[in-house]
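Student: Sequence:
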Amino acid sequence: MAHIVERYDVPRQLFWLHGPRTGPAVEFDPRAGMWSVYGYPELQEVLGDPATFSSDTMRVVPKEMMPKDGFSLEGFITQIDPPEHGKLRKLVSSAFTRKVVADLEPRIAAITHELLDAAREGEGFELVRDLAYPLPVIVIAELLGVPSGDRALFKRWADALFQRDAEVSLGQSPEERGASLEATMKPWREMSDYLAGHAAERRKEPRADLLTRLVEAEVDGERLPTEQVVNFAILLLLAGHITTTMLLGNTVLCLDAFPGQQDKVRADRASVPAVIEESLRLFTPFALLGRATTRESELGGVTIPADQLVMCWMAAANRDPRQFDDPEAFDPHRDPNPHLAFGRGIHFCLGAPLARLEGRVALNILLDRFAVLRSDPEDPVEFISAPSLTGLRRLPLLGKPTM
1 MAHIVERYDV PRQLFWLHGP RTGPAVEFDP RAGMWSVYGY PELQEVLGDP
51 ATFSSDTMRV VPKEMMPKDG FSLEGFITQI DPPEHGKLRK LVSSAFTRKV
101 VADLEPRIAA ITHELLDAAR EGEGFELVRD LAYPLPVIVI AELLGVPSGD
151 RALFKRWADA LFQRDAEVSL GQSPEERGAS LEATMKPWRE MSDYLAGHAA
201 ERRKEPRADL LTRLVEAEVD GERLPTEQVV NFAILLLLAG HITTTMLLGN
251 TVLCLDAFPG QQDKVRADRA SVPAVIEESL RLFTPFALLG RATTRESELG
301 GVTIPADQLV MCWMAAANRD PRQFDDPEAF DPHRDPNPHL AFGRGIHFCL
351 GAPLARLEGR VALNILLDRF AVLRSDPEDP VEFISAPSLT GLRRLPLLGK
401 PTM
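Everything in the sequence shown is counted per our numbering, starting at 1 for the first residue and increasing by one.
Keep in mind that the hints were calculated from the coordinates and are not lab data.
Any given hint could be a false lead.
Unchecked claim - Listed below are the simulated DSS-like cross-link pairs for lysine-lysine, each with C-alpha atoms no more than 30 Å apart in a straight line: (1) Lys-264 / Lys-90; (2) Lys-204 / Lys-155; (3) Lys-155 / Lys-90; (4) Lys-264 / Lys-400; (5) Lys-87 / Lys-99; (6) Lys-99 / Lys-186; (7) Lys-87 / Lys-264; (8) Lys-186 / Lys-204; (9) Lys-400 / Lys-155; (10) Lys-186 / Lys-155.
All chains should be built: construct the whole structure from the sequences, respecting the hints.
Tutor: Encoded structure:
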């Protein structure tokens, strides 16, 4: 991986890309006031035990770090434990079944071609701007029933929420906490107001879309309150496009960094899914997620007390040499490849089939319409510098898509 770090000027925050990890699999960071889990078997244990490692991390966050304006994560299924989690997840699971997702393939292909056709009229081709960002946004916006033409708004909100450079820490000063909190809450409020407006419209005039399904859904015989509908929609809108944006950009970067593998996948398109899976392992888009202990637990030879914040570093676990041979290598022929990029257990990413389909369709079309996928040495690649994400802000490519 050394040549990737040097060639693309990878930010230091993405520490897992700067070489193999040699420290303990589980350790406490006194400065940040939280635990970190880096090992693959240890992370499997955490993700497989929601009773001990709860998704409700807000429970252990100091009250002074929480918004005081009625902010709530009601309906945000990534923060909910069983049995409520299962009930809410079931509400939208039918929108992401194998058949429903497979039926989207022609639309995904059509959008991809439209975006590439439009990019031919520009001065240069930049993968994130011209394809990797707008494609999944249009798809998830159409599923939800919000205007895909508002995607500049979605990008601004996502950038503000996910692409900040600050590290997660419980050890910040009150002033730092206040500034960090306000930087997060402003885009969150704007997005909540936007989706609440669309939800109100659906209550008056239902449509054949996912937002209407949320508005009309019932749990235990009662309709979901607007707050839960909005939070559910926020998660679907953000997670529904960010993962694919990073997946596609990272996969093209891997094929640029390893041209021999690009030659192989061009010769054997059946290997496209395996290329995507290896990209997900090596450049894990969502690098970490949080859990909170409900009781004392032994993990990786150490004891974690109850009511502790635990950061789960999937990006590090996916490069654990105890699980993956030669983990720093980009090897699409790795079999099996049980990476944790989409999580594991009851919180396994609901949109994983859609992200994989969008990546497969888009990558095949890129290989069709570009004689070679190469980054532009005169226009450097830019990484998202947040430690919680592994992805690209910009990936300028040489040439333009052919007809």
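Student: Now tell me if each hint is right for this structure.
Tutor: Now for the hints, and whether the structure bears them out:
1. Lys-264 / Lys-90: Judged against 30 Å, a Cα distance of about 40 Å means the pair is violated.
2. Lys-204 / Lys-155: 28 Å, holds
3. Lys-155 / Lys-90: 28 Å, holds
4. Lys-264 / Lys-400: 22 Å, holds
5. Lys-87 / Lys-99: Measuring from Cα to Cα gives roughly 22 Å; hence the hint holds.
6. Lys-99 / Lys-186: 38 Å, violated
7. Lys-87 / Lys-264: 44 Å, violated
8. Lys-186 / Lys-204: Roughly 28 Å between the alpha carbons, so the hint for Lys-186 and Lys-204 holds.
9. Lys-400 / Lys-155: 24 Å, holds
10. Lys-186 / Lys-155: This hinted pair holds, its Cα atoms lying about 14 Å apart.
Hints 1, 6 and 7 from the list above are not met by this structure, while the remaining hints are.
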